[in-house]
Amino acid sequence: MNWESLLPLIAILIIIFGVGIWAGGYLKGSTNFVQDYFLGGRSLGGFVLAMTMTATYGSASSFIGGPGTAYNEGLGWVLLAMSQVATGYIVLMILGKKFAIITRKYKALTMVDFLKQRYQSKWVVIFSAVSIIVFLFSAMAAQWIGGARLIESLIGIDYTSALFIFAVSVLIYVTVGGFRAVALTDAIQGSIMFIGTFILLIAVIIAGGGIPQIIADLTAENPNLITPYGSDGQLTPAYVSSFWILVGVGVVALPQIAVRAMSYKNAQSMHRAIIIGTIVVGFIMLNMHLIGVFARPILPGIEVGDRVMPLIALEVMPNWLAGIVLAAPMAAIMSTVDSLLLLVSSTILKDVYLNYVRPNASDQTVKRLSIGITALLGIIVFIMALNPPDLIIWLNLFAFGGLEAAFIWPIVLGLYWKKGNKYGALSSMFTGVALYIVSDRFFPQPFGLHSVVLPVIISFIVYVGISIVTQKRTDASIS
Amino acid sequence: MVLSNYGGEFLKKDTMKIANREALIGVGLVVFHFIWWFAFAYGLGSKDISEYTYIIGLPAWFFYSCVVGFIVIAVLVTIVVKKFFVVISFDDEEKETE
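Just so you know, the protein sequences line up as chains Z and U, in that order. Going letter by letter, the first sequence gives residues 1 to 479 in this note's numbering. Going letter by letter, the second sequence gives residues 1 to 98 in this note's numbering.
Hint data in this document are derived by calculation from the structure and do not stem from the laboratory. Not one of these hints is a red herring.
Sample of chain Z residues at the chain U side, in silico, Cβ under 10 Å:
(1) L79
(2) L92
(3) I211
(4) P223
(5) W244
The following label-pair restraints were derived from C-beta to C-beta distances:
(6) Z:A434 - U:K17: 36 to 42 Å
(7) Z:A216 - U:V75: 30 to 36 Å
(8) U:V86 - Z:P300: 52 to 58 Å
(9) U:F84 - Z:F443: 39 to 45 Å
(10) Z:A216 - U:V72: 25 to 31 Å
(11) Z:N222 - U:S89: 53 to 59 Å
(12) Z:S161 - U:I35: 47 to 53 Å
(13) Z:Q445 - U:T53: 29 to 35 Å
(14) U:A39 - Z:Q445: 21 to 27 Å
Taking lysine-lysine and the DSS-like style, the derived pairs with C-alpha atoms no more than 25 Å apart in a straight line are:
(15) Z:K107 - Z:K265
(16) Z:K98 - Z:K419
(17) Z:K418 - U:K17
(18) Z:K367 - Z:K107
(19) Z:K419 - Z:K472
(20) U:K17 - Z:K265
(21) Z:K98 - Z:K265
(22) Z:K105 - Z:K418
(23) Z:K107 - U:K17
(24) Z:K122 - Z:K105
(25) U:K82 - U:K17
(26) Z:K98 - Z:K122
(27) U:K83 - Z:K265
(28) Z:K367 - Z:K265
(29) Z:K98 - Z:K418
(30) U:K17 - Z:K98
(31) Z:K419 - U:K17
(32) Z:K105 - U:K17
(33) Z:K105 - Z:K367
(34) Z:K98 - U:K82
(35) Z:K107 - Z:K122
(36) Z:K418 - Z:K472
(37) U:K83 - Z:K98
(38) Z:K265 - Z:K105
(39) Z:K265 - U:K82
Beta carbons are placed, not taken as given, at the ideal position from N, Cα and C, and that holds for glycine.
Work the whole structure out from these sequences, hints included.
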């Protein structure tokens, strides 16, 4: 057991607990439990907002494999990862002030609340809720497996005990603190990522003998590693550009991102968050993926991508510093898990239970239920992660693309095109999801593009077309 | 109650205009960003490796596309937000509408 790196890691977890408990104390005095628990009382300032956004985008990057893939593909993968810089400004600019104002007007606490008020359709709500629960539940289980693996390799205990430690620490502070706790811990974790990846990058460059030396070593091993085309030239411009949708612009449609875009205090926080968020996302993405590439000449032959970060950190830095820096990937996994956990439980409680099962449940009941559901979900995920079924892994790969194909137009056009209606929204959601799954199964790269691109384009046409065709029906039903 | 049709009667005109303009600025930025990223990466990166030039040790395509591109966009975002984004209140619109 590696105590020298373990102690700093534990210290950081304790700080995170402290924040969760502190935010929990804030909840006790709350007058509007649901809003405070799921949305932090719409009180986030610019810095916390930028950091919680960044930490949540991080989940998209673990989806595309991150530094481990960069290790195998070279600079081409860093190029691809840099498409995520756009999320730093585009999400808050596109959803923007209109989303902030309208969700306040609607008193919406979740993305589904917004869709429900905008389209006034039970089916839109049910289809959205089901997509969110299915897709995010799977994404979450896979993240738990990742978290447990990290603890496992760090402490050297068996997988089940590692999973248990991970589950207990996540559950305690999500259950106690709610959204505000998650957002605040995201801020700490985002800061760790920011500083940690930078220190690690410097250490890697020094260990590799400077950038020119590292690039020369990479060229000597395989010249493709320093081209934009990947290690065997398979990263085509069309494919790499597709990631501008998958992990760039399309991210506006992820419910865990949309919910953050309604949580901020005022226009000033939003402005600050756009600037800070862009800088922080770009900095972390560039550093993290360059670390992956630069690690290759220093530590050749790592086979499991997820192990690149821990191994290179332990190689180039003193143990205690490696422990602090390794808190960064750990932090990324944990913050993804908390926000997903909170989101799935808010979908079940807010969007399904309070809408259709018992609309007038008392505040006390809601309070007990929300904490109960969050805990129960955690336990179910724990059991699934113990012996992960194949379906979960399969679904996790689809989670982000599927949610984007489903929600991008109902949200964006719902905000900016007043003629969009429930028929358009529902058919566009259905087309997007169905087409995405079919495309991914049978035509993985149509026209050299990632399988998320065509469903997004076609669901746009469907949304607009169906909305126009059914225009008379909605006009009639309104008057 | 026409909740779903907020286009005009729901929000103050000015607020709507500001929100729409800022969203369009975002779209403009992302298009510019994409072109910068794409043009440098594949413009310079598609050459033969023997013709590559290097800046601070990094291949020029990567340096301009990813490093300079990131700095340029961060500066642009800062300027745009400070110069063109308007501080508006999110809560008080209700009173102006019937």
